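Colleague: My request is simple: use the sequences and hints to build the entire structure.
Okay, so the sequence shown: first residue is 15 according to my numbering, each after it adds one.
Calculated directly from the structure, the hints in this document are not laboratory data.
Being a predicted model, the structure only gives us computed values, none of them experimental.
One should not assume that every hint holds.
Calculated cross-link-like contacts (lysine to any residue; reagent style SDA-like; alpha-carbon spacing at most 25 Å) [said to hold, decoys possible]: (1) 206 - 229; (2) 190 - 276; (3) 127 - 53; (4) 274 - 229; (5) 36 - 246; (6) 206 - 274; (7) 78 - 118; (8) 76 - 28.
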Amino acid sequence: MGDDGHLADVELEDLHKQHRQKSTTEGGACLTGHEATFRKKKNKVTCNYRYQAYEQAGSESKIKGRLHDYASRTTPVETSIYRTNADGWAPAYYALELPTPAPGDWDVGGPLKPVMRKSIHGKTITIPAGMNFSQDTWPYWNNAHHLIPKGLFNTLISEQPDNVPNVMRKSLMMVKYNINHKINMFMLPQDKEVARILGLARHIQLKEGDGAPEICTDHPIYNRLVEDTLTGIVKDYKAICDGAKPEGHKIPDADLDKTKLEDLSEHLMNQIIEWGQIEPGASLDKHANRLQSQVKTASDAF
Numbered sequence: 015m016g017d018d019g020h021l022a023d024v025e026l027e028d029l030h031k032q033h034r035q036k037s038t039t040e041g042g043a044c045l046t047g048h049e050a051t052f053r054k055k056k057n058k059v060t061c062n063y064r065y066q067a068y069e070q071a072g073s074e075s076k077i078k079g080r081l082h083d084y085a086s087r088t089t090p091v092e093t094s095i096y097r098t099n100a101d102g103w104a105p106a107y108y109a110l111e112l113p114t115p116a117p118g119d120w121d122v123g124g125p126l127k128p129v130m131r132k133s134i135h136g137k138t139i140t141i142p143a144g145m146n147f148s149q150d151t152w153p154y155w156n157n158a159h160h161l162i163p164k165g166l167f168n169t170l171i172s173e174q175p176d177n178v179p180n181v182m183r184k185s186l187m188m189v190k191y192n193i194n195h196k197i198n199m200f201m202l203p204q205d206k207e208v209a210r211i212l213g214l215a216r217h218i219q220l221k222e223g224d225g226a227p228e229i230c231t232d233h234p235i236y237n238r239l240v241e242d243t244l245t246g247i248v249k250d251y252k253a254i255c256d257g258a259k260p261e262g263h264k265i266p267d268a269d270l271d272k273t274k275l276e277d278l279s280e281h282l283m284n285q286i287i288e289w290g291q292i293e294p295g296a297s298l299d300k301h302a303n304r305l306q307s308q309v310k311t312a313s314d315a316f
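Modeller: Structure (structure tokens):
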């Protein structure tokens with residue numbers, strides 16, 4: 015698998031290109047997250063995970079209901095922008111504080127009219143009407159989160175022996191599995207206070223110091239939680255791929271059930287919704303750590 019999302023095998027890359035669709039979330043087949051630019055709501059293709067996350071946020075009532083639940087906030091909102099080791103800011107173009115949200119200001123499909131705020135450097139930033147979530151700090155710092163993490167998914171496939179990774183990838187694309195499809199996406203806030211207002215988990219722990227190790231680029235404890243189930247699915251796929259018969263120089267075909275992955279995505283979405291009710295504003299890692307500790311305690315009791 016190349017860093018740009020392209021597959022080293024020509025047959026696999028041809029399948030990837032063949033299934034790529036425009037102006038729809040459906041019909042694609044993609045196994046890595048290699049497209050995320052959605053500025054001005056352009057680049058509506060099946061591989062684009064920010065586009066897919068945006069569409070899911072607007073169509074899945076469990077997610078949309080949370081993202082639109084901010085009417086109770088009547089004061090400005092502190093962000094989770096932080097100082098980098100190089101004495102800069104991350105995100106570099108964000109703000110220390112967001113203005114009090116008016117109706118529609120944080121909606122999927124909003125804002126209803128342009129929203130202006132000051133960046134950390136004093137520059138006026140304008141969010142145009144209708145452009146929420148087209149960028150990662152509009153209307154607030156957000157992440158198009160893969161419920162099944164894309165890196166973990168590809169690592170588990172790549173670790174399989176012999177030609178199994180190529181057989182598995184081909185077979186998943188033949189059944190049009192898309193790791194970037196909206197069912198595997200959840201638009202999550204990064205700001206702790208925004209997440210608390212919305213009743214959601216926040217994406218990454220960052221430097222909030224509220225009970226989980228600081229990390230600003232990933233969610234390793236959440237990944238380990240997902241890995242427990244995902245490893246079993248990949249193991250089942252491997253058993254099927256092992257029995258695939260070669261066809262000349264072509265990669266063998268194997269009949270894999272993509273609904274196993276899609277069911278896991280749905281379970282993880284519901285898990286994150288539930289976490290937001292348990293402790294709104296806590297990170298995925300903090301919630302995952304709590305859940306793993308509860309499972310261990312229950313196991314030790316037997």
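Colleague: Compare the structure with each hint and give your call.
Modeller: Now for the hints, and whether the structure bears them out:
1. 206 - 229: With Cα atoms ~14 Å apart, residue 206 and residue 229 stay inside 25 Å; holds.
2. 190 - 276: 12 Å, holds
3. 127 - 53: Distance ~18 Å between residue 127 and residue 53 Cα, so the pair holds.
4. 274 - 229: 30 Å, violated
5. 36 - 246: Violated. Residue 36 to residue 246 sits at ~33 Å, over the 25 Å cutoff.
6. 206 - 274: Distance ~32 Å between residue 206 and residue 274 Cα, so the pair is violated.
7. 78 - 118: OK: residue 78 and residue 118 at ~13 Å, within 25 Å.
8. 76 - 28: Given that 25 Å is the threshold and the Cα spacing comes to 36 Å, the pair is violated.
Hints 4, 5, 6, 8, counting from the list given before, are not met by this structure.
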